[in-house]
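Colleague: Position one of the sequence shown corresponds to residue 1 (our numbering), numbered consecutively onward.
Careful, some of the hints might be misleading.
Stated by the list, open to error - Computed beta-carbon distance windows for the label pairs:
#1 S736 - L540: 26 to 34 Å
#2 T639 - G257: 55 to 63 Å
#3 T40 - P699: 57 to 65 Å
#4 G145 - D856: 43 to 51 Å
#5 T780 - D703: 49 to 57 Å
#6 G635 - R773: 18 to 26 Å
#7 F112 - T780: 48 to 56 Å
#8 T40 - T233: 16 to 24 Å
#9 P260 - R36: 40 to 48 Å
#10 D580 - D624: 29 to 37 Å
#11 P837 - S261: 44 to 52 Å
#12 P260 - D634: 49 to 57 Å
To be verified - Subject to a maximum C-alpha distance of 25 Å in a straight line, what follows is the list of computed SDA-like cross-link-like pairs (lysine to any residue):
#13 K162 - P188
#14 K162 - S19
#15 K162 - E223
#16 K162 - L103
Note that these hints are calculated values from the structure, not bench results. Don't be surprised by glycine CBs; every beta carbon is placed ideally from N, CA and C.
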Amino acid sequence: MSPVDPGPLPRVLVAAPASGHGKTTIAVGIMAALARRGLTVAPAKVGPDYIDPGYHALATGRASRTLDPWLVGEGRVAPLLARGATHPAPADIAVIEGVMGLLDGRLGADGFASSAHVATLTRTPVVLVVDISSTSRTVAATVHGLATIDPTLDVVGVVLNKAGTSRHGAEARRAVEAVGVPVWGVLPRDAAMHVPSRHLGLVPAAERGEAAATLDHIAAVAEEHLDLDALLTAATTAPPLGVTPWSPEVTLGVAGGPPPSDAPVVAVAGGRAFTFRYPETVELLEAAGARVAEFDPARDEMLPEGTSGLYLGGGFPEVHARTLAMNRPLVHQVRSAVATGMPTIAECAGMLYLAESIDDHPMVGSLPTRSAMGRRLTLGYRGATSIVDSVLGPAGTEVTGHEFHRTHSTPGAGATAAWLLDGREDGFALDPAGTGRATLVASYLHTHWAGSPAVATSFVAAARACRPSHPHPHPHPLRTTAGSGSYRQQHLEVRQAIPGTACSSSSGEGGDAATADPLRHHGDAELSDDLVDLAVNVRLSHPPQWLTAALTDELTSVAAYPDATAARDALAARHGLSRDQVLPTSGGAEAFTLLARALSPRDPVVVHPQFTEPEAALRTAGHDVRRVLLRARDGFALTPGAVEEIGDADLVVIGNPTNPTGALHPAATVGALARPGRVLVVDEAFMDAVPGEAESLLPGDLDGVLVVRSLTKTWAVAGIRAGYVAGDRALVEQLSTHQTHWSVGSLALRVMRETVAPHALAEADRAAHETTRWRRHLVTGLDSLGVPTAGTSAPFVLARVGPGIREELRSGGWAVRRGDTFPGLDTTWVRIAVRGPHTIDGLLRELAGILHRRDDTRSA
1 MSPVDPGPLP RVLVAAPASG HGKTTIAVGI MAALARRGLT VAPAKVGPDY
51 IDPGYHALAT GRASRTLDPW LVGEGRVAPL LARGATHPAP ADIAVIEGVM
101 GLLDGRLGAD GFASSAHVAT LTRTPVVLVV DISSTSRTVA ATVHGLATID
151 PTLDVVGVVL NKAGTSRHGA EARRAVEAVG VPVWGVLPRD AAMHVPSRHL
201 GLVPAAERGE AAATLDHIAA VAEEHLDLDA LLTAATTAPP LGVTPWSPEV
251 TLGVAGGPPP SDAPVVAVAG GRAFTFRYPE TVELLEAAGA RVAEFDPARD
301 EMLPEGTSGL YLGGGFPEVH ARTLAMNRPL VHQVRSAVAT GMPTIAECAG
351 MLYLAESIDD HPMVGSLPTR SAMGRRLTLG YRGATSIVDS VLGPAGTEVT
401 GHEFHRTHST PGAGATAAWL LDGREDGFAL DPAGTGRATL VASYLHTHWA
451 GSPAVATSFV AAARACRPSH PHPHPHPLRT TAGSGSYRQQ HLEVRQAIPG
501 TACSSSSGEG GDAATADPLR HHGDAELSDD LVDLAVNVRL SHPPQWLTAA
551 LTDELTSVAA YPDATAARDA LAARHGLSRD QVLPTSGGAE AFTLLARALS
601 PRDPVVVHPQ FTEPEAALRT AGHDVRRVLL RARDGFALTP GAVEEIGDAD
651 LVVIGNPTNP TGALHPAATV GALARPGRVL VVDEAFMDAV PGEAESLLPG
701 DLDGVLVVRS LTKTWAVAGI RAGYVAGDRA LVEQLSTHQT HWSVGSLALR
751 VMRETVAPHA LAEADRAAHE TTRWRRHLVT GLDSLGVPTA GTSAPFVLAR
801 VGPGIREELR SGGWAVRRGD TFPGLDTTWV RIAVRGPHTI DGLLRELAGI
851 LHRRDDTRSA
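Put together the whole structure using the sequences plus the hints.
Modeller: If you want it as structure tokens, here you go:
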């Protein structure tokens, strides 16, 4: 593959006087805002950083290139920037994020590898980001100094960040412009633009479920407050790079092209625990003749099929230690693979994963060491020389890298070191299968293979010698990323055994317990810490302050047994009923269990698609349940045909508005289902999300009718379980006789009393109207993508996205509720909880990308 001339490349480098000025946030905001304009943005980062590039990729849809003269050599910096600007397609502009302060580089090297150094090597105009939260006019001196200290630098503009007021920002702007540097924007303090951090810096984008929504907000703020046109104009002043883009094929002296059918498979760790990897690593592996297959050690229970080499890069295994430890099938397989001589490289996080333990969580155990979090951060550039022959090359192989960790490891006896690291022995080089050279190389050292490309050739050659016992059947690299179960699959029912290799004969199998009983599958099973939650229909992340205060007060009285009298009276008054028409329950689930126990129907019918708990409760109680299915072509409406199919059933259960379809049936149509000799149960769990509670059967004629209500969704108290049944006196009494003493706790009863107060009802109505607006925004966006939807009267939307889309959304960080566990729906349907516009826009962008890629695949 021959590199192409990048031609003119508009570009800017975003720098700052020091760390902490908001450089990453502003750089990512610029990238995202330009991408919103339809520009193709090539992102890059100065310095050895894995976390910021994750946000770059999220903003631009392209891999971010690390430009570090120490790691790759001065001569490769501009070619790597050109690579990012031409691969996989030409970019309109490059945006480079700097490191630390503008002039700060490798200690003792006079600014070598600093942002200024990279700006000079690439002849890139510089944009300064300056935090003015603790200054105003004095900022002009800082800007003037940075703009004039080095005549080779071209400081073209300034962004002033964290202005306290408009007057404060205007004062600083006038001062800076007086020294001759244009100000391209003044940003106010905005907590929503903050990206959370922890012991090694920012939380990686791959681990932040809300990252996409936060990115939308940052882009919107950048568009509002920055003069992007001025930035684009300045970017065009950059001279041509005048270099040939870096090419992995040219670097290795190979022809390139797709890998042969017998190419060795190198499994590369990914997922939320292994987020640190330079894109050139994979590119060099593939150029050297390997087929790269990504896997997630936190979720995948097997290595990719045909694996004959392992690359375990950096990340945060200490944060996800418990999850990694619990994935025992994969732990056992990796341990066996390493023990039988599979070529393995483990950098930092990979070394911790292969250790005996991390903070007492058992790991793979391939290395004689235990690891734990420490108080001291280890950070710095390193020069390293290999001590022994290994799969990375012969003894004496030299590489450059860096360390960045807060854990420490205690090596066991008899371990052979891998590197002379600035003169000291470090890491592990082990030959567990007695091959004559080290097949396992592990250390804290992160290396950038563009600076040491020979290691890729050596490693792939070693993997090729570790032949799989069966040829790899797939024509393209496996990109397996796990979902709510183990391997993500197009068909969740299918599990494929993975053949062993000459280096590893073990394999793992596992089932998907979440779908063992579809009627018991609920939205919370779709969730994990790294996904945006659009699967659970709880409106808020926590109860409102006034409700939290009331619950805190209630805790002072929990020594006494709960008394439901006051709650029954409050609920009855709220609906204009008498006390004996209302029964508080421990959520809707207890209400359906009481119905199943108290009633003895001969022909119970559940109208589907519908919340599955009523049918599950009836079946558990020993009842044979008949289903009546409403059809998508009818908008899941209760048609005369469906009423006729219900026939003479003596128990009918129907939702209104229905979960998951969102259909809101007219109260008259639902009420007409009531008749002598029949019990009509209407699940109105989401009726309080309908403005004015239109079409509710309460209060009305309730002879033979029971209405089930839930308070957990609107008020974010799912953990407390607060609901009630209202309706026919005799039926309510019948249910109460089957309810155990004190099944509804004091906190749930307090929720019932507090949420019927006038201010609470007013707040619920405001929330219902807000949800209506947000739902309309979601439906409009789905319509624009050609995605059919159903129902527009609930805090969720049922969407027919197509097969496999739910799994791809999970890969992109979005959890939606699967539809196929609801009777009457299949895998093409998902239920999407309504959220705020920023979150909705992030989902729509992800979905649009998935659909676009699928269209491209079909057209190809």
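Colleague: Please go over all the hints and tell whether each is borne out by the structure.
Modeller: To see whether the hints hold, each was checked on the structure:
no., hint, result
1, S736 - L540: 26 to 34 Å, "holds, 31 Å"
2, T639 - G257: 55 to 63 Å, "holds, 58 Å"
3, T40 - P699: 57 to 65 Å, "holds, 60 Å"
4, G145 - D856: 43 to 51 Å, "holds, 49 Å"
5, T780 - D703: 49 to 57 Å, "violated, 42 Å"
6, G635 - R773: 18 to 26 Å, "holds, 22 Å"
7, F112 - T780: 48 to 56 Å, "holds, 53 Å"
8, T40 - T233: 16 to 24 Å, "holds, 18 Å"
9, P260 - R36: 40 to 48 Å, "holds, 41 Å"
10, D580 - D624: 29 to 37 Å, "holds, 32 Å"
11, P837 - S261: 44 to 52 Å, "holds, 48 Å"
12, P260 - D634: 49 to 57 Å, "holds, 54 Å"
13, K162 - P188, "holds, 5 Å"
14, K162 - S19, "holds, 14 Å"
15, K162 - E223, "holds, 16 Å"
16, K162 - L103, "holds, 22 Å"
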